[in-house]
Amino acid sequence: MTVQVPSRMSFIRLLLLGFVLLPLVAATPEVRLQSPLTTVVPHQGDLPTGAFTLRAVIQVPDDAPSDLGVGAFVADRHGRWFQRLHPTPLHPGANVLALTMAPGEPLMAQPHPGTWSPDLAALATQAGLFFWSSSAVQVSIGVEQLVAEAYALADAAPCLTDLELPNMYAGMIRVATGARYEFALTPQPFPANPYDPAAFSLDAVFTHEDGHSMRVAGFASEAMALRDRGDRELAEPCGASRFLVRWRPPRPGTWHARLEASWLAAEPLVVDLPRIVATGPASDDAVRIDAGDARFFSRAGRWFWPIGMNLHSTFDVRSRDRLGTVLTPERGTLAYADRFRRLAAAGGNATEIWMASWNLALEWNAEWPGYAGMGRYHQGHAAQLDAVLDAAQANGIHVNLVINNHGQASPNADREWKDHPWNRDNGGPLSEPYHLFTDPRALAGQAQLRRYLVARYGDHPAILGWKLWSEVNLTAVGDSQRRGLRENRGLASAVTPAERLATLVRWHETAAAHLHAIDAYGHPVTTHWSGDYRKPDPEVCALPGIDYLCIDAYHGGQSTYSGATLIDLLWNGMEDPRRGLARFKKPLLVTEFGGSSGGTSTALLAAELASAPWAAAMAGNAGMPFMWWFEWIDQNDQWQPFGAIARFLASEDLRGSDARAAVLSATGERGPWWVRAWVRPGRMLGYVVNHPWTGEGGDRELHRDILVRIGSQVAPGPCRIEWWDANHGMPIGVHELVHPGGALVFTAPPFLHHIAFKLERATALRPNLR
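In this note's numbering, the protein residues as written are 834 to 1603.
Calculated from the structure, these hints are not laboratory results. Just to be clear, a hint being listed does not mean it is correct.
[Unchecked claim] No farther apart than 30 angstroms at their CA atoms in a straight line, the calculated lysine-lysine pairs in the DSS-like style are these: (1) LYS1418 - LYS1368; (2) LYS1251 - LYS1419; (3) LYS1419 - LYS1368.
[Unchecked claim] Pairwise CB distance ranges (calculated): (4) ASP1223 - HIS1349: 24 to 30 angstroms; (5) ASP1258 - HIS1561: 35 to 41 angstroms; (6) ALA1483 - PRO999: 25 to 31 angstroms; (7) ASP1154 - PRO1107: 55 to 61 angstroms; (8) ARG1151 - SER1545: 44 to 50 angstroms.
Quick caveat: nothing in here was measured; it's all calculated off a predicted structure. Even for Gly, the Cβ is constructed at its ideal location relative to N, Cα and C.
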């Protein structure tokens, strides 16, 4: 092959164009050069792990250009290229070349400003030589004995270097309570796999003057810059890999801190840090299970009711195919930030996001762009998740963060196992997805990932909770896959339903306990089942480490009223006397709904989105159901239901040991009517809806003269009824009466579709009776 040889600067410009004009030629003794293109001669065969020296003998003819230059390169499978130039041009005759490619050597990154480090060296898959000249001549050179020899780095005593401690004044560190304090350091030697705590682990222990102690792990982070290309967001390396520690002091006072570092086969190292003085009020912004009423969430002691939708990804192909929406460009954190702003403006405060292979996952198949395979983490996605959580916090949004989605471990449903890095077909150790729940190596790898997630994101107030799985019953260990397990080869073919359930329980018990043990900020832990409230495994629901429950509320999706609609499904999810989930006394979130999993008519979607939050509140759900079809909501300006329920509940508090759901009744034309209430002593929140509308949508006629019957629950005496337009979330009238006792019946003002009310004793006309 004949190619041209350009100047060095032309070569760099070609690199910046992404190697479009860089042909690769085989490593033969004779190589024909032709300018202005650069000639790349790849090394053949496997590369040593880590540092190495490229050696070759280069025979240069007498008529070669005097500025003929040579350099060595090393790159990973995604084309991240690092190079080292020979300091002088090649001379006629034999040139003995030896260029070391090792951390600490002067390697130039192209086309990015990243830094060559041991973790990147461990991922190298390509190396070789390149030649250039500014002369437009054609010559042949000989490249002989091109080999890559392992290079042994000098042994040194383990240490922590380049420690950067911000906010140092007069020998002490000053921080604000509730604010992130982050510092960086570099361990020496730097681990080849910085995500493996067996190779290197870093922990920081912060101890308050009152004895309260917090242990947080450090984590490896490569400096990344996020850039908007217009059609997508790019995450580009912009610095070296280092270890970071993130911590938010929860209380004021003096804190003492130490670092505990451990290398494989080396004595642990303990380093004391300067004393830390935290000022400001005590701070705890994390969402928690309420201490007084475990059916609900709270923040800093105040009742918290999540209102939002499922932003599982930045775009949804299924929504395009089923509902005719337009795919959102892959603008990463920018797409999330835009939707957070619109959701918050509408009244929302929560969402769900998946760490899926196509979205924000950290570990996946190394053949996919940005991923590094089993046990190594996508630093571009890691930086994007940082930005997503920061944008969520800026807009008051709390994220139900999904660590694993079902397709990753399913042989049948949304199958991603074929691409899983732990799959034996991809170089992993596992022959089938069931082993993800049983194999000790897989369990250790999952614990490693959880440690990284908690270390990097655990201090973030935007985390609502850790969701272990989406739709775990669709995985290889799930209930709906029992037949599939028996049909697969290997271990799963012999798994009985009892063994499957035992595995499911054991896995969740271990994973939840691990998260609780390492998360110093106490975020709650959950998992999730596909289908509806009848699908969760009671044994998993009852585990102490599973703090709240997540389910779907999909149904047939028909737009014809049949007497049972979404709101009945939501009600039964808690109140079904036989299988309702209220018996576990844990918060329940419906995190997917909207017709069927294949969608439904837009008229029915609109009715379900409007009625779902009201039905959920009356049933005692811990938050508004999260609709799956976020692009349909966004592109059709369907934001009104979020603000309606937010305004209605703004001054309310559903907590209380004696708070309960109640069934009421109503009569009037064009029924039947669905009437439910949430009752606390002295106060009732009620909801009246035209039942056929919730199963069909579309109705545009006002309802008049609807009689609402409370029953005999209200004691005699003065009462005050405040009516609310449920479509807009606005009060529309107040009715005061003296109740003589017995059944309380009153007439609702005219309304469209549905209406809500607040009933209280007139002797206590405060905004909220508690």
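TODO: Could you tell me whether the CB distance from ASP1223 to HIS1349 stays inside 24 to 30 angstroms?
DONE: With a Cβ separation near 25 angstroms, ASP1223 and HIS1349 satisfy 24 to 30 angstroms, so the hint holds.
- [ ] Could you tell me whether the CB distance from ARG1151 to SER1545 stays inside 44 to 50 angstroms?
- [x] holds, 49 angstroms
Open item on the list: Against the 30 angstroms threshold, does the CA-CA distance of LYS1251 and LYS1419 hold or violate the hint?
Closed with: violated, 36 angstroms
TODO: Hint says 25 to 31 angstroms; check whether the CB-CB distance for ALA1483 and PRO999 agrees.
DONE: violated, 38 angstroms
- [ ] Decide if the proposed pair is consistent with the structure: LYS1418 and LYS1368, CA atoms, cutoff 30 angstroms inclusive.
- [x] Holds, at roughly 17 angstroms.
Open item on the list: Given the hint of 35 to 41 angstroms, is the C-beta distance from ASP1258 to HIS1561 inside that range or not?
Closed with: Violated: the Cβ-Cβ distance is about 55 angstroms, outside 35 to 41 angstroms.
Open item on the list: For the hint 55 to 61 angstroms, verify it against the beta carbon of ASP1154 and that of PRO1107.
Closed with: holds, 58 angstroms
- [ ] For the pair supplied as a hint, LYS1419 and LYS1368, confirm whether the alpha-carbon distance does not exceed 30 angstroms.
- [x] Holds, because 16 angstroms separates the two Cα atoms, which is no more than 30 angstroms.
Checked against the numbered hints listed earlier, the structure breaks hints 2, 5, 6; every other hint is satisfied.
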